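Asker: Got chain L; can you put chain A on it based on the hints?
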Amino acid sequence: MSALLMADITVFVLAVLVGFEVISKVPATLHTPLMSGANAIHGIVIVGVMLLAATTNSLAGYVVVFVAAAFAAMNVTGGYVVTDRMLTMFRTGRKARS
Amino acid sequence: MSGFDTTVHLVYLACASCFVIGLHLMNAPATARRGNQVSAAGMGVAVLATVAVLVHGGQITAGAVVALAAGVAAGGVAGLVAARRVQMTAMPQLVSLFNAVGGGAAALIALGDALGHATALITTVLDLVIGALTLSGSLVASGKLAGLIPGRPLIVPGGRWITLLLALATVTLAGLHLTGRGGVAALGGIAVAALAAGVLLTLPIGGADMPVVISLLNACTGTAVAMAGFIVGSSPLIIAGALVGAAGAILTQLMATAMNRSIGSILAGGYGTGDESPAAVGGAPVREITAEDAALQLAYAKKVVVVPGYGLAAAQAQHEVVALARALAERGVHVSYGIHPVAGRMPGHMNVLLAEADAPYEQLKDLEEINPAFPGTDIVLVVGANDVTNPAARRPGNAVSGMPILDVDRARGVIVIKRSLGHGYAGIDNELYALPNTSMLFADAKRGLGALLTGLREYAPQ
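The listed protein sequences derive, respectively, from chains L and A. If you count by the numbering used here, then the first sequence holds residues 1 to 98, one letter each, in order. If you count by the numbering used here, then the second sequence holds residues 1 to 462, one letter each, in order.
Bear in mind the hints are in silico, worked out from the structure with no lab data behind them. Source: prediction; values computed, not measured.
Cβ pair distances, simulated, as ranges: (1) L:ALA60 x A:VAL77: 19 to 27 Å; (2) L:LEU14 x A:GLY175: 28 to 36 Å; (3) L:SER58 x A:GLY233: 15 to 23 Å; (4) L:ALA60 x A:GLY422: 50 to 58 Å; (5) A:GLY397 x L:PHE20: 28 to 36 Å; (6) L:LEU5 x A:GLY175: 18 to 26 Å; (7) L:ALA3 x A:ALA146: 41 to 49 Å; (8) A:VAL45 x L:SER58: 25 to 33 Å; (9) L:LEU5 x A:PRO396: 48 to 56 Å; (10) L:PHE20 x A:PRO461: 50 to 58 Å; (11) L:ALA3 x A:LEU148: 48 to 56 Å; (12) L:LEU14 x A:GLY422: 42 to 50 Å; (13) L:SER58 x A:HIS319: 49 to 57 Å; (14) A:TYR459 x L:PHE20: 49 to 57 Å.
Where is the CB? At the ideal position from N, CA and C, for every residue including glycine.
One chain only, chain L, in its complex shape (with noise of 0.2 Å):
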């Protein structure tokens, strides 16, 4: 096993005790915008695809690219822009009163 696995592997453990840390914590009333968030952020996705795209070079590797690219983009775009609209309207809901 090279060196270089074994570090991915201590940061795929680490970063999944990081995330029940940091999600234990977070209200029932902010589940699904935290959901929503969540969801846009494994749109980090689109980082993998670029990466496959620089090693990519026959025909059938283009469509893969272009298609994987497709839902990629919209993953994380349509995710943030969803979340940020919920919580926009957290936060006019309390502004508009106080």
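Answerer: Positioned in the frame of chain L, the structure of chain A alone reads:
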């Protein structure tokens, strides 16, 4: 490691930190929006850094650049338009759709990587299985919430056996691939099997359990993305994917607990067969009330608590309920909303809906805050909520035992707007409906609230 590589690595680390900090800021309503913006900024920087990597590497072919740019443009515009235009009531299915395409992208990374390389990795198989399963499962979940697929549990004859066969096929093909004999064809077979399994696993689950399922699938996508990170050797993917995997797992657990359901029994499916209509609750008769009478009772009450539930979200009646509450408040009635953690179609969904309809923030009370207030409440108006108000939860030995409930039955009077006496997803009678101080107004949430508002204006003018 060159200076460029070091810089990129540090930038990626900063981006990953932004995701953690962003999620942390989403803990509190006051900082939640900033948290999402921090996370989005991190995402933007990560994408820019990757553009720099591609330019610096200089290996990317013109064809790949075109495919990438066209895909990003198409997907970006589609996501933006959908997110901007969606009605807030339709938001859960949109989140599920975004989750589906995220899983699909992760699965395609596994396929695309296998097209270009001969190395067989266990992470390729895991990414493909989880990503493809999430893609089809989330699409089915989205379709169920949107009403395109019937929300009731759809039992596929022999579905369990088919799923088992698909799992066996996947393991066999994975073995072939990992020993270098299957090639891309084996991976294609795995993808097809995982897609089919996603559909078979989600179809038997009832619409009311969908939020938990979407949360679980969200966690799965995170895990698939982390696996994709192993494939392309990118730490931001591993970190963000693992974060979301853990987040989704915790959220799923919280949601299942609030509904007093175990994740295992949710996945087993068949629960929540929709609106059957027993004539009475456990043989006891219920009292019906007309909209006019109900409006009068509300108009002359001092203190009213509105308990909105799944039925209100499904009927998209959030504007009607807020209009009614406002009309009552104008008459001097003290109005608040009692919101159960799992009211609506997702935890916290009800707060989003009511905020959209401009309900005053300070009128929204959660379970712990509102329960002590019920004994001093004149009328509780229950709109489309069922199991979360069932007093049977305080007794052991039934399907809702131990579930945290709103103590609606302790108020002086209860008016329930509901389409029928049908069961909630726990599938048992709600004893609240048979109590002497409860009256039933049989109507769809939107129509019932509209009738109450009309009745209020007609029979109790100020």
